[in-house]
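Q: Each chain is listed here by its residues.
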Amino acid sequence: MTPGTRATPPGGDPGQEARAGGRGGDLRQSSDAFRGRAGGNRPGVPSRGTSPDAPAGPAAPGGRPAPAGRRTPAGRPAHLLHRLLPPDRRAPDGGSTTAHDLAVRHRLLLALSALLTLSLFLSYEGVHGDANPLRTSSAPAVLSLDTALYALGQAQRDAGATAPTSDFQKQISVAAQSLAAAAGDDVGGPAGRQALQTVAGLITVYAVKVQQAQLQPADSVLREAYLSYATSVLTDEGSGIQARLKALQGQQRAAVHRQTSFGPLLWLGWTTTLLLALALGAALLETQLFLRRRFRRRYNRGLLAAGALLAAGLAATLLFTVWTHQGMADTRALLDRPLTGRLITDAGQHTASYLAHTGFRASAAVWILIGGILLMALAETGLRQHIDDYRFRTR
Amino acid sequence: MSAPQGGPATPAAAPRARRVRTLTVVASCLVLLAAAVVFAVRALGQEPTVTLLANWTGTDERNFRESVIEPFERKYHIHVDYQGSSAESQVLGADVEAGTPPDVVVLTGPGELADYARQGQLKPLDDLVPRAGFGASWTTPLDGHVYWFPLKADLKSIVWYPAGTSERQRAEAAGRPGRWCVGMGSGATSGWPGTDWIEDILLQQYGPGTYQRWARGELPWTSKEVRSAWTTWGRLVGAGGDRELVRRALKTPYQDASKPVTGNPRGCTLEHQASFIRNQESWKRADGRYEPSARRIPGARASDAWEVSGDLVALLHDTPEARTLIRHLASAGAQRAWNAEESGFSVSPGAQPAPSDAGAAWHRSLAATLLDDRAVHCFDASDAMPPSVRDAFAEAAIEFLAHPDHLNALLTSLDTLSRTQGLTWVPSVCDRAP
Numbered sequence: 068m069t070p071g072t073r074a075t076p077p078g079g080d081p082g083q084e085a086r087a088g089g090r091g092g093d094l095r096q097s098s099d100a101f102r103g104r105a106g107g108n109r110p111g112v113p114s115r116g117t118s119p120d121a122p123a124g125p126a127a128p129g130g131r132p133a134p135a136g137r138r139t140p141a142g143r144p145a146h147l148l149h150r151l152l153p154p155d156r157r158a159p160d161g162g163s164t165t166a167h168d169l170a171v172r173h174r175l176l177l178a179l180s181a182l183l184t185l186s187l188f189l190s191y192e193g194v195h196g197d198a199n200p201l202r203t204s205s206a207p208a209v210l211s212l213d214t215a216l217y218a219l220g221q222a223q224r225d226a227g228a229t230a231p232t233s234d235f236q237k238q239i240s241v242a243a244q245s246l247a248a249a250a251g252d253d254v255g256g257p258a259g260r261q262a263l264q265t266v267a268g269l270i271t272v273y274a275v276k277v278q279q280a281q282l283q284p285a286d287s288v289l290r291e292a293y294l295s296y297a298t299s300v301l302t303d304e305g306s307g308i309q310a311r312l313k314a315l316q317g318q319q320r321a322a323v324h325r326q327t328s329f330g331p332l333l334w335l336g337w338t339t340t341l342l343l344a345l346a347l348g349a350a351l352l353e354t355q356l357f358l359r360r361r362f363r364r365r366y367n368r369g370l371l372a373a374g375a376l377l378a379a380g381l382a383a384t385l386l387f388t389v390w391t392h393q394g395m396a397d398t399r400a401l402l403d404r405p406l407t408g409r410l411i412t413d414a415g416q417h418t419a420s421y422l423a424h425t426g427f428r429a430s431a432a433v434w435i436l437i438g439g440i441l442l443m444a445l446a447e448t449g450l451r452q453h454i455d456d457y458r459f460r461t462r
Numbered sequence: 010m011s012a013p014q015g016g017p018a019t020p021a022a023a024p025r026a027r028r029v030r031t032l033t034v035v036a037s038c039l040v041l042l043a044a045a046v047v048f049a050v051r052a053l054g055q056e057p058t059v060t061l062l063a064n065w066t067g068t069d070e071r072n073f074r075e076s077v078i079e080p081f082e083r084k085y086h087i088h089v090d091y092q093g094s095s096a097e098s099q100v101l102g103a104d105v106e107a108g109t110p111p112d113v114v115v116l117t118g119p120g121e122l123a124d125y126a127r128q129g130q131l132k133p134l135d136d137l138v139p140r141a142g143f144g145a146s147w148t149t150p151l152d153g154h155v156y157w158f159p160l161k162a163d164l165k166s167i168v169w170y171p172a173g174t175s176e177r178q179r180a181e182a183a184g185r186p187g188r189w190c191v192g193m194g195s196g197a198t199s200g201w202p203g204t205d206w207i208e209d210i211l212l213q214q215y216g217p218g219t220y221q222r223w224a225r226g227e228l229p230w231t232s233k234e235v236r237s238a239w240t241t242w243g244r245l246v247g248a249g250g251d252r253e254l255v256r257r258a259l260k261t262p263y264q265d266a267s268k269p270v271t272g273n274p275r276g277c278t279l280e281h282q283a284s285f286i287r288n289q290e291s292w293k294r295a296d297g298r299y300e301p302s303a304r305r306i307p308g309a310r311a312s313d314a315w316e317v318s319g320d321l322v323a324l325l326h327d328t329p330e331a332r333t334l335i336r337h338l339a340s341a342g343a344q345r346a347w348n349a350e351e352s353g354f355s356v357s358p359g360a361q362p363a364p365s366d367a368g369a370a371w372h373r374s375l376a377a378t379l380l381d382d383r384a385v386h387c388f389d390a391s392d393a394m395p396p397s398v399r400d401a402f403a404e405a406a407i408e409f410l411a412h413p414d415h416l417n418a419l420l421t422s423l424d425t426l427s428r429t430q431g432l433t434w435v436p437s438v439c440d441r442a443p
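Residue numbers (the working numbering), protein chains in the order written: chain A, 68 to 462; chain B, 10 to 443.
Hints may be right or wrong, so weigh each one.
Said to hold, decoys possible - Across the chosen pairs, the derived CB separations fall in these ranges:
#, chain 1, residue 1, chain 2, residue 2, range
1, A, SER240, B, ARG441, 49 to 57 Å
2, A, SER240, B, ARG225, 35 to 43 Å
3, A, ALA247, B, ARG428, 32 to 40 Å
4, A, GLN244, B, LYS84, 37 to 45 Å
5, A, THR338, B, LYS84, 39 to 47 Å
6, A, THR302, B, ASP414, 27 to 35 Å
7, A, GLY256, B, ARG127, 26 to 34 Å
8, A, GLY196, B, LYS84, 32 to 40 Å
9, A, THR302, B, ARG441, 41 to 49 Å
These aren't lab readings, by the way, just hints derived from the structure by calculation.
Backbone N, C-alpha and C fix where the C-beta goes; we use that ideal spot for every residue, glycine too.
Please model the entire structure based on the sequences and the hints provided.
A: See the structure below:
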């Protein structure tokens, strides 16, 4: 082999370095090699010499060394990763592949980190992005419409009174205020707003007709007539107040279902996220083991920190998502049936408690992006020094 | 010589590195593409919308949606947010006051539209509606501008009866209040069937000239002519008479008034109602026929005078989508489609079906009467009156039916209301009046 043509650092492969060091050979080792010895290979602990570049071990057919994973303590994850990646191949001239191995792992870690960040962000947003509209709009709107329907039912009960009653007026006020609240919750967008205005106009007509009836003598046909007009304004199939409110409520309940459902896209997103997280975890572990073999470093702080960040971030986002989704599912179960009277107030309180802190958890989405950048930075930091040593060293 | 970089250590490593790089780029592109697709689908889902408020509900609403709205949405990719309500006036009033009126409105009353036009709420339609498309009485200019045009028209001076009812039977039935099918109920606008009766009686007894003076607020409610119309109606339908009959007339929704026609024995025989009522199931089953109301109204002297009504389209919010919808509604195609549904008639000459087109005889005959140049067509007077007078008129009709002895008080009250300053009266309601 001609000196200067090998694609290995001076001193050769760290595995070889270890052997050379053991023999008191070439001292032109790379700084990594020195650090490897100093930090990872404690004095008195013999090198295991398990590098794929090392001549030891059964050779694969064609003279290629067997995959290191089969013989490392890392065992299965490393083996799986080796199956995912093309096996190391020695340079045709028999030189080291360390620089290439480092580059592959570097790119893999960065790509996996980027994909995981994107996938986690989209999946997280898919669940938490709906929590805010559910808490501030859809759920209150359903309850407002329930309140309006209940109040109008009570008003109709009071409409038969012989004289105008304060109870009737109160129920009409409650219904009108509930509609205003529903409009404030932006029920159904512009179409919903128009529908609510129509209902508000009809409630006014209803109240006027009832008052006209109550001003007539108790047994007069006019009283009956005005009450029948009022009742038709309230109950007409399709065009009455109740039918319109129920239609709006149906739309809102459908919106609640949409917002709280964990559909196929979300399943796909979270499955992809978890697979990517597993792959990244395995890649981090394999890289850690690879560095240990090649550079005699027991631990790479950057990679360890990246692993810890991955585990902690994933656990936190999963926990947040489970909590939020549970709250949303409970809200849907609560709002899925028509509510009346006191149950509406209770439902309002329960909904508020189910959806408490969902806003905070939803706002945590930005930390996924920050965490992803940090993860990539840690992976980069962990490998950069080794890569630079191989890139710029001349021989 | 510097050492080669980590990647191309071997010839086989280069394609491998490229493969990894390619995979990364492809994966990223796929993610971006997916995001772009999601975004594009959402963006496309938000098609422009135009809001439309009208008074059609039930069958009329369904017919309108199917024959007019859905083709428009398919052709122009503009979503029409339709709201139909009998309380249309109240809803529109509230919307306008709140500053959020619908883009387009279809109202029955030119009086109400004239009021909104004077308030500056309506946008002129001069460049949107073909000038030769509709008769002058249908697109009454106001201050030199056209603010509305008819989408649907109906003939009101008619009496319906079941097929097979002889002339003698009809004449006999007309003299017995219990044989008239009457229904005053119509939710927020209850009472209007009574106003139609009174208007038509006035038109048939005293002619278009008197009718128009009254509709313009020039003939007092307490005048002999108007009072005669009220009392004639009271006698025909038995106002203040049999309590059960009055209760039935007051409480029955107008669309259900003809239900007894199909009973056995028949509960009623004649119905004074506009042409659209023929679409009710009971008149379909009874194979309803019609005759001019002048034949059944005592003292009718007018010749070929017809009370008509129309659902008039106006523009409140001038957006490109709303203008597109206005053009579509004024087009012969949309008017013809609506005409074909038999929920109403078009008075656009270009929208009439060919004589050879199949269609019910009654439908063709009514359409011909609506367009007959020799006949006098007078717009529904209450619809042409200011909204406050119109509503009080309907309320008065309800009260009169139960208490005809209150007539003086009711007419005096209406006169007082009509003299209120600031009301907008339509200048003309008949296409030919002496």
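Q: Could you run down the list of hints and mark each one as holding or not?
A: Checked hints:
1. Judged by the Cβ atoms, the range 49 to 57 Å given for SER240 of chain A and ARG441 of chain B holds: they are separated by roughly 52 Å.
2. Separated by about 41 Å at the C-beta atoms, SER240 of chain A and ARG225 of chain B satisfy the suggested range of 35 to 43 Å.
3. For the hinted restraint 32 to 40 Å between ALA247 of chain A and ARG428 of chain B, the CB-CB distance of approximately 37 Å keeps it satisfied.
4. Restraint check, GLN244 of chain A to LYS84 of chain B: a C-beta distance of roughly 42 Å satisfies the suggested window 37 to 45 Å.
5. Hint check: THR338 of chain A to LYS84 of chain B, Cβ distance near 43 Å, so the stated range 39 to 47 Å holds.
6. Between THR302 of chain A and ASP414 of chain B the beta carbon distance is about 33 Å. The supplied range of 27 to 35 Å therefore holds.
7. A C-beta distance of roughly 33 Å is found between GLY256 of chain A and ARG127 of chain B, which places it inside the suggested range of 26 to 34 Å.
8. Remark: the range hint 32 to 40 Å for GLY196 of chain A to LYS84 of chain B is upheld by a beta-carbon distance near 35 Å.
9. For THR302 of chain A paired with ARG441 of chain B, a C-beta distance near 45 Å keeps the hint of 41 to 49 Å intact.
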